[in-house]
Amino acid sequence: MAQQEYQAVSPSDFFYRNREIAGFSNPSRAIYVGIRELLENSLDACESAQEPPKIYIRITEESIQNNENSTVIYYIRVEDNGTGVPSEQIPACFAQVFYGSKYTLKQSRGTFGLGGTMTILFGQITTHKPVIVTSSTGEDIHQFEMMIDIQKNQAQILRHSIYSNVKKWRGTIVELQMEGDYPRIQSRMIEYFKQTAMVNPYLDLTFIDPKNRLYRFERGTDIMPVLPRAVRPHPHGIDVETFRRLISITKTKDMKNFMMEHFQGIGSITSERFLTFAGIESKQKPINLSPEEIVKIVYAAKDFKEFKRPDSSCLSPIGQELLETGIRKELGLTEDDFIKTIQRPAATYSGYPFIIEAAVVAGKTVRKLGQGITLYRFANKIPLLFDESSCVSFKVISKNINWKTYKVNQDTPLVVAIHVCSTKIPYKSVGKEFLADQPEVEKEIANAIRKAARDLRIFISHSLRLERQRHRLNVFSKYLPKISEFSQKLADKEESPDIQKLLNEVNVPPQQEETEDEDENGSSDDDVILPEDEDFPEVEEDEIEEDDGNGEKN
Amino acid sequence: MVMAKKISEAERQRDVVEKSLKQLGNLIYDQINEGEFPWIMMQSRSIDNIQYDDTVRQYILGDRMIKRHSRNIKHIRPFTQLVWTAWFARELVKLRKTSTLREVYYSARGQRDIEYNDQKESDNIITDLEVALNKAREEFGIFPEERSAIFGDLTIEYTVPGYEGRRTNLTDHPDGVMVGPAVTSSEFIETTANKILVIEKGAMFTRLVEEQAHKKFNAILVHTAGQSPRSTRNIIHRLNKMWGMPVYIFTDGDPWGVHIAMVIVSGSANAAHLRGLTTPDAKWIGVWASDIINYKLPTENLTEFDKKRLTELQSDPRYKEDPWNREIETFIKLQKKAELEAFSLYGLTYIVDKYLPEKLNEN
Ligand SMILES: Nc1ncnc2c1ncn2[C@@H]1O[C@H](COP(=O)(O)OP(=O)(O)O)[C@@H](O)[C@H]1O
Ligand SMILES: [Mg+2]
Numbered sequence: 001m002a003q004q005e006y007q008a009v010s011p012s013d014f015f016y017r018n019r020e021i022a023g024f025s026n027p028s029r030a031i032y033v034g035i036r037e038l039l040e041n042s043l044d045a046c047e048s049a050q051e052p053p054k055i056y057i058r059i060t061e062e063s064i065q066n067n068e069n070s071t072v073i074y075y076i077r078v079e080d081n082g083t084g085v086p087s088e089q090i091p092a093c094f095a096q097v098f099y100g101s102k103y104t105l106k107q108s109r110g111t112f113g114l115g116g117t118m119t120i121l122f123g124q125i126t127t128h129k130p131v132i133v134t135s136s137t138g139e140d141i142h143q144f145e146m147m148i149d150i151q152k153n154q155a156q157i158l159r160h161s162i163y164s165n166v167k168k169w170r171g172t173i174v175e176l177q178m179e180g181d182y183p184r185i186q187s188r189m190i191e192y193f194k195q196t197a198m199v200n201p202y203l204d205l206t207f208i209d210p211k212n213r214l215y216r217f218e219r220g221t222d223i224m225p226v227l228p229r230a231v232r233p234h235p236h237g238i239d240v241e242t243f244r245r246l247i248s249i250t251k252t253k254d255m256k257n258f259m260m261e262h263f264q265g266i267g268s269i270t271s272e273r274f275l276t277f278a279g280i281e282s283k284q285k286p287i288n289l290s291p292e293e294i295v296k297i298v299y300a301a302k303d304f305k306e307f308k309r310p311d312s313s314c315l316s317p318i319g320q321e322l323l324e325t326g327i328r329k330e331l332g333l334t335e336d337d338f339i340k341t342i343q344r345p346a347a348t349y350s351g352y353p354f355i356i357e358a359a360v361v362a363g364k365t366v367r368k369l370g371q372g373i374t375l376y377r378f379a380n381k382i383p384l385l386f387d388e389s390s391c392v393s394f395k396v397i398s399k400n401i402n403w404k405t406y407k408v409n410q411d412t413p414l415v416v417a418i419h420v421c422s423t424k425i426p427y428k429s430v431g432k433e434f435l436a437d438q439p440e441v442e443k444e445i446a447n448a449i450r451k452a453a454r455d456l457r458i459f460i461s462h463s464l465r466l467e468r469q470r471h472r473l474n475v476f477s478k479y480l481p482k483i484s485e486f487s488q489k490l491a492d493k494e495e496s497p498d499i500q501k502l503l504n505e506v507n508v509p510p511q512q513e514e515t516e517d518e519d520e521n522g523s524s525d526d527d528v529i530l531p532e533d534e535d536f537p538e539v540e541e542d543e544i545e546e547d548d549g550n551g552e553k554n
Numbered sequence: 001m002v003m004a005k006k007i008s009e010a011e012r013q014r015d016v017v018e019k020s021l022k023q024l025g026n027l028i029y030d031q032i033n034e035g036e037f038p039w040i041m042m043q044s045r046s047i048d049n050i051q052y053d054d055t056v057r058q059y060i061l062g063d064r065m066i067k068r069h070s071r072n073i074k075h076i077r078p079f080t081q082l083v084w085t086a087w088f089a090r091e092l093v094k095l096r097k098t099s100t101l102r103e104v105y106y107s108a109r110g111q112r113d114i115e116y117n118d119q120k121e122s123d124n125i126i127t128d129l130e131v132a133l134n135k136a137r138e139e140f141g142i143f144p145e146e147r148s149a150i151f152g153d154l155t156i157e158y159t160v161p162g163y164e165g166r167r168t169n170l171t172d173h174p175d176g177v178m179v180g181p182a183v184t185s186s187e188f189i190e191t192t193a194n195k196i197l198v199i200e201k202g203a204m205f206t207r208l209v210e211e212q213a214h215k216k217f218n219a220i221l222v223h224t225a226g227q228s229p230r231s232t233r234n235i236i237h238r239l240n241k242m243w244g245m246p247v248y249i250f251t252d253g254d255p256w257g258v259h260i261a262m263v264i265v266s267g268s269a270n271a272a273h274l275r276g277l278t279t280p281d282a283k284w285i286g287v288w289a290s291d292i293i294n295y296k297l298p299t300e301n302l303t304e305f306d307k308k309r310l311t312e313l314q315s316d317p318r319y320k321e322d323p324w325n326r327e328i329e330t331f332i333k334l335q336k337k338a339e340l341e342a343f344s345l346y347g348l349t350y351i352v353d354k355y356l357p358e359k360l361n362e363n
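Each protein sequence line maps, in turn, to chains A and B. With our numbering as the guide, the letters of the first sequence map in order to residues 1 to 554. With our numbering as the guide, the letters of the second sequence map in order to residues 1 to 363.
Listed next, the in silico DSSO-like pairs over lysine-lysine satisfying Cα-Cα at most 30 Å (straight line):
(1) A:K478 <-> B:K120
(2) B:K74 <-> A:K478
(3) A:K489 <-> B:K97
(4) B:K94 <-> A:K493
(5) A:K489 <-> B:K94
(6) B:K67 <-> A:K489
(7) A:K493 <-> B:K19
(8) B:K67 <-> A:K478
(9) A:K489 <-> B:K22
(10) B:K74 <-> A:K489
(11) A:K493 <-> B:K97
(12) B:K74 <-> A:K493
(13) A:K407 <-> B:K74
(14) B:K120 <-> A:K489
(15) A:K493 <-> B:K22
(16) A:K501 <-> B:K74
(17) B:K19 <-> A:K501
(18) A:K478 <-> B:K94
(19) A:K478 <-> B:K19
(20) A:K501 <-> B:K67
(21) A:K102 <-> A:K432
(22) A:K493 <-> B:K67
(23) A:K404 <-> B:K74
(24) A:K489 <-> B:K19
What the hints contain is simulated information worked out from the structure, not anything from laboratory work.
Next up, chain B with everything else stripped away, as it sits in the complex:
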């Protein structure tokens, strides 16, 4: 019973996406038949139309609209690419296939006169399609290359072809399960976990799995592999929303780690047109600059690049509150940074036995 319902939910999603793609086709088709150069309207993605919204606690696009018009000689090529991409996406959805940004770029190469000059151009058109249809590209079956991982007591049910209705528990594989199209499109069935631990680095993720941290903390472990991909952010968002699980983010103690945490919390300007990628209540618990002092961590000096980044972060309104503000100031004061691995100084289990419990308690 339950199973059938889940599948039809995924089916419904796919239907909605396919319909909106088809609708786009109809719109253009009719415009041409009426003797009109086809055009579509969408929100502008220019910098001055991106603003931070306090209510939804993320970046959003403003009200300004732009018209993509095929009548203009400069715009007809990108317009054509957009229509082609929409068709390509619809084929993916129809055939229940997935693809990557890079594959889309190469597929276009097979089309005379449409081919892109570089992948950036292709990625850009895909983002246009997202904005135009108000859908994330993952819904069209287009995924990024980066692969992150997830581990913990969470039972999911696949919706991808050939696996529909099949369930798996994310502790089944001791290396963690790769977050690909299948996991991203799966339904979350049940869990005993009551929190999510997000970890930036692979080595630390593996350590936590080995030390049975998921049991110890009753947590689902998520490995972002650096800046977290949109699909992973979406999973964090869903877990948080569905079961109200608190999210704790654990990064390197440097400006880059700080920003990785912030993107999980409030998103990036690049994805201002999308919802469902942010987790505003997620907490960044370390490594803080103050941890460097409190835990006497081995450090490295800040580079010029690090320092410049810190000043940049200070001018971002999202970093006005503590602990963000306080920790950034401490980094500047110390002129030091520390990596997650720095805790190994105190033995391999120190982080699980001592540091994490303390930090989780504090927050």
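Okay, chain A solo, but in the shape it has when bound:
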């Protein structure tokens, strides 16, 4: 009889075996996700430091792999001016899965202590090369050369050097090697940077690609959004496991104080009311709660209607002005283009606060992007590039919004940007690329777009009018001179008649009388052709000039 073997799998081991869960599904996607995770860590660190980020990213070809995919080993370097990491934290932060500083309840890009470490892990398993992390919080500079001990889920430090920090540098440099396929993801990568710069207008980003090409994304402002505050959880959003964990660490002696201490927005009255509602003694010791009672409380918390709305100070939306700055900068908008940004008041879904921000952009510059709507999606200041058509925001713009109301037709060039910020982004899948159809979120996205689009109608009718005006002037300046020329020849005149007066008249915005006629067809761009059947305006009876009766020929 063979003996059963039992074995625990460490988190590193788990992700090592299931790396596609974290997005490392193929060589081109891996390099994209890797850069993205490192950049997002840097952005988080700069925001914590309240320092406008200055980030430098370089990807260099290290060597060509001789496998059938002809993938390449790349050297990746990401450098920022963020908080830096205290030296004693560096090994755990970068070489241990599920270790991080972002477990508190506030908006950030990273969440589980996973992304950056997964990137390093992926680099290690594809190249067997260590990661080098150089960081300073302002004191000495610490440099670690490490490998991840996958089975133990901990760092294996190969070298730790300390350098004096003469220039008072603060920030972090991550250097690693990774197998990947950059050319295939190149355009997405650049698009990702561009959209990141759009939604983080205070970001200064330099990127050098494997072909040594330099990409610069300069900041459009030094102003940064207000830092989110860490908050206690809202009872609506709590689950049994988190609740149990709170009970095991609480210092409170009874349930009334427990509720007040560990959840947001609960005073003594609400606490008692809720416990009565849940059927739990307020004097009850938390530690003595039975598993059934815990479940009962968690469910009651979802049904109880008297809690305050979730506190949204844990959120850090971009703000209307910054969003406008970012979009203007990255799309290269001019004064003549239309942009309207909107920030909705905080709302909640399942106990999580969220804020929707939106922008609608139209005008000549947008036309260069192509016809129809170009959708930019952001979640917690991260651009979402993949699986657009599965995203709830796509559903909203293609189904919920009646664009005709805003004079937008199928091929009106338009940009719609949606930013969702929340302590828990309702991603539909682990891929973190598109948002689920949460009814509350869906409704708020629609509200935001509608509000932003309200002024769009005016802009579009105005520009249609200008466009038509331009077209009219074009047509008339083409034909009036011809009419003038041939009538002069026909009438044997010395000089051509003066058409300037008529042209001036055309230049005045048309009055109702004529717009009517053109509006019918709507398309002022139509080539003017003679209708086959007569559809010329008929003349009133009394205007008729009698036939001179001279009709008879011969």
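Start from chain A and add chain B with the ligands according to the hints.
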């Protein structure tokens, strides 16, 4: 003496046309100078403004007028084309040149921004000019491509440049004389003929010439080559009016032949704005449906297309009278048709010796 008078008559005609074109130019010129978007008024050519008139016995345009206005963005291009066409026509008249519908279309192509999308568009503008000035395009020197022919003892005098005052007799050429701008604009001087025989088909026309039918019947022979062109209809009209010559039309025995005859008699809706193209007293003498029976002609079956056309003709008020009505009904009854050439069954001269004399006698 006579000659000089004729020439000055043609000259006068040309003068009138040129003046009216120039007048149009003046009108537009002045409108522009007065700061007004130029416009012109003309009779509407839409279907509901075309009606059959019993007194003149042809289609005419009703009273409804329309304004062609250059102020309207959709109309300024056709308006420009109209002015250009008027200028082009005036050049033709001035230089005593002629042109064809197709040539006008191509000439416009040389003008930036005026060029037509197709010839139909160009033809349409020319018709506009006809309506606006109340003149036929032939008077502007614009002719269709189709060429018909004429043969018989008729002396004409040319008015075209280089031939002014020159006369010719239409028996001079045994193939017949092509009806082009020169014949159309000529003066009719004298004739010994006392009737006109109009024939749809070229082969039959040639046969009649060979058999000396013009002498035998004392007739001028006109070959329409299918649906008769406006210039040919105008010649028939003039001969009929000038000398009171009766006109006999001889077509294939099918619905299409019937209609060819009717257009010579009472014109087409397309030319409702023009006079002088119809010959209301002209007679259609064959081939009738009843001839198929009477002469035991070889036949073909009516096609679906033929049948549909017959029903269409029945709903046209002009076909209410006999022989039109009677013969259309007979066609429907027989479900047969016969071509002019069908008479060859009885020998090449049968038609001249037997059929035509009988038919002319009857009518
Ligand atoms: N560039 C950086 N600057 C400062 N701290 C960093 C940086 N990169 C990573 N960290 C720290 O390492 C932790 C783990 O990062 P990561 O594995 O990406 O998880 P997460 O971002 O989800 O927390 C972060 O929570 C942060 O505290
Ligand atoms: Mg991270």
